[in-house]
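**Q** Sequence:
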Amino acid sequence: MTSRPLRRHRLSRATAALSGRKRGAQPKVVALGGGMGLSASLKALRRITGDLTAVVTVADDGGSSGRLREEFGVLPPGDLRKALAALCGDDEWGQTWARVIQHRFESEGELHAHAVGNLLIVSLWEQLGDHVQALDLVGKLLGAHGRVLPMSAVPLELQALVRGHHPDRPDDIVTVRGQATVALTPGEVQSVHVVPADPPAVPEAVAAVLDADWVVLGPGSWFSSVIPHLLVPELHDALVSTKARKVLSLNLAPQPGETEGFSPQRHLEVLGRHAPKLAMDVVLADEAAVPDRESLADAAKRLGAAVELAPVASPDGVPIHDPELLAAAYDRIFRMHGRIGPWR
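With positions in the sequence shown counted from 1, the corresponding number in my numbering is that position plus 141.
Keep in mind the hints are simulated off the structure, nothing from the lab.
Do not rely on the hints blindly, as some may be mistaken.
Here are the computed lysine-lysine pairs in the DSBU-like style, where the Cα-Cα straight-line distance is at most 35 Å [claimed, not checked]:
#, residue 1, residue 2
1, K384, K169
2, K418, K169
3, K384, K281
4, K169, K442
5, K384, K442
6, K418, K442
7, K418, K384
8, K281, K442
Work out the full structure, taking the sequences as your base and the hints as a guide.
**A** Given below as structure tokens:
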């Protein structure tokens with residue numbers, strides 16, 4: 142199987158695609174992930190569809206999120222906040238609110254490093270007693286171009302089996318606990334799991350996956366933001382059984398610590414080990430980040446997927462996704478590979 146480079150076309154093409162589709166006839170897209178990777182995907186996807194749902198990991202235990210989680214026993218709000226900020230519009234209202242909820246206090250007191258959006262979300266959870274209703278209300282306030290849902294109704298602890306965590310014992314495998322620790326762990330992550338082992342999925346997240354035309358998984362921290370979605374049984378089953386087509390969006394570079402030294406195809410192999418029943422339709426990668434296209438194509442084929450290569454990285458050389466280029470790549474994939482949905 143050969144990979145097919147996508148033509149370089151920027152936001153004008155993607156924006157035209159959205160404006161040219163009738164309201165109510167746009168692809169229903171669900172994006173899963175967490176952190177900056179999911180934010181990059183959402184900034185791109187909101188440019189090409191008005192029917193967008195983000196399903197977000199809830200295992201963060203560091204920083205402001207970790208402090209709020211420990212003090213109040215709530216879901217960690219940070220990744221949910223980042224997703225809401227990414228869905229804010231490009232107009233003055235949207236960008237102002239995006240900056241506000243991302244703002245962190247600097248002080249000598251207990252508010253230091255807390256994000257405004259985290260406090261807002263937790264406040265609404267306490268007022269309303271409903272995760273989804275509160276997030277919908279924040280989205281309405283921001284004018285968000287999509288919906289944000291947690292993947293599970295309970296906060297999760299991420300645990301990883303790591304080989305070589307201790308340099309003097311390179312063959313030993315130890316358990317590393319906590320998302321913040323796993324993300325920066327020395328050694329090689331062998332596998333991850335979550336505690337509790339059978340967490341309840343948020344019903345609205347499961348329903349969104351089952352009703353979608355397209356599901357986008359990644360980019361993002363592979364073990365701590367992408368794979369955890371596959372470890373929530375109800376969400377995993379929905380991803381396996383949905384009639385939606387599925388895109389796996391790869392990172393631009395390995396992540397220091399968590400996936401250091403990983404090739405693009407290694408990312409696919411790890412995903413397959415954690416969810417052997419899950420098939421994908423398309424693997425999207427930046428053409429400059431794939432030194433061995435044949436090996437990537439072989440790994441994608443084992444997942445049932447074709448490889449699409451596109452220039453999606455920021456032109457300034459920083460390893461982050463350019464939202465306009467990523468939007469153009471997604472739009473072209475949806476058009477080339479789509480088989481279902483009234484928007485076709």
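**Q** Hints first: check each against the structure and report whether it holds.
**A** Each hint tested on the structure:
For the hint linking K384 to K169, the alpha-carbon distance of about 12 Å falls within 35 Å, and the restraint holds. For the suggested pair K418 and K169, the alpha carbons sit about 23 Å apart, so the restraint of at most 35 Å is met. Using a Cα cut-off of 35 Å, the hinted pair K384 and K281 holds, with the two alpha carbons roughly 29 Å apart. The suggested pairing of K169 with K442 holds, with an alpha-carbon distance near 25 Å, which does not exceed 35 Å.
Of the supplied pair hints, the one linking K384 and K442 holds, its CA atoms being roughly 19 Å apart against a limit of 35 Å. The suggested pairing of K418 with K442 holds, with an alpha-carbon distance near 14 Å, which does not exceed 35 Å. Of the supplied pair hints, the one linking K418 and K384 holds, its CA atoms being roughly 14 Å apart against a limit of 35 Å. Simply put, K281 and K442 have alpha-carbon atoms about 41 Å apart, too far for the 35 Å limit, and the pair is violated.
The earlier numbered hint that this structure contradicts is number 8, and it is the only one.
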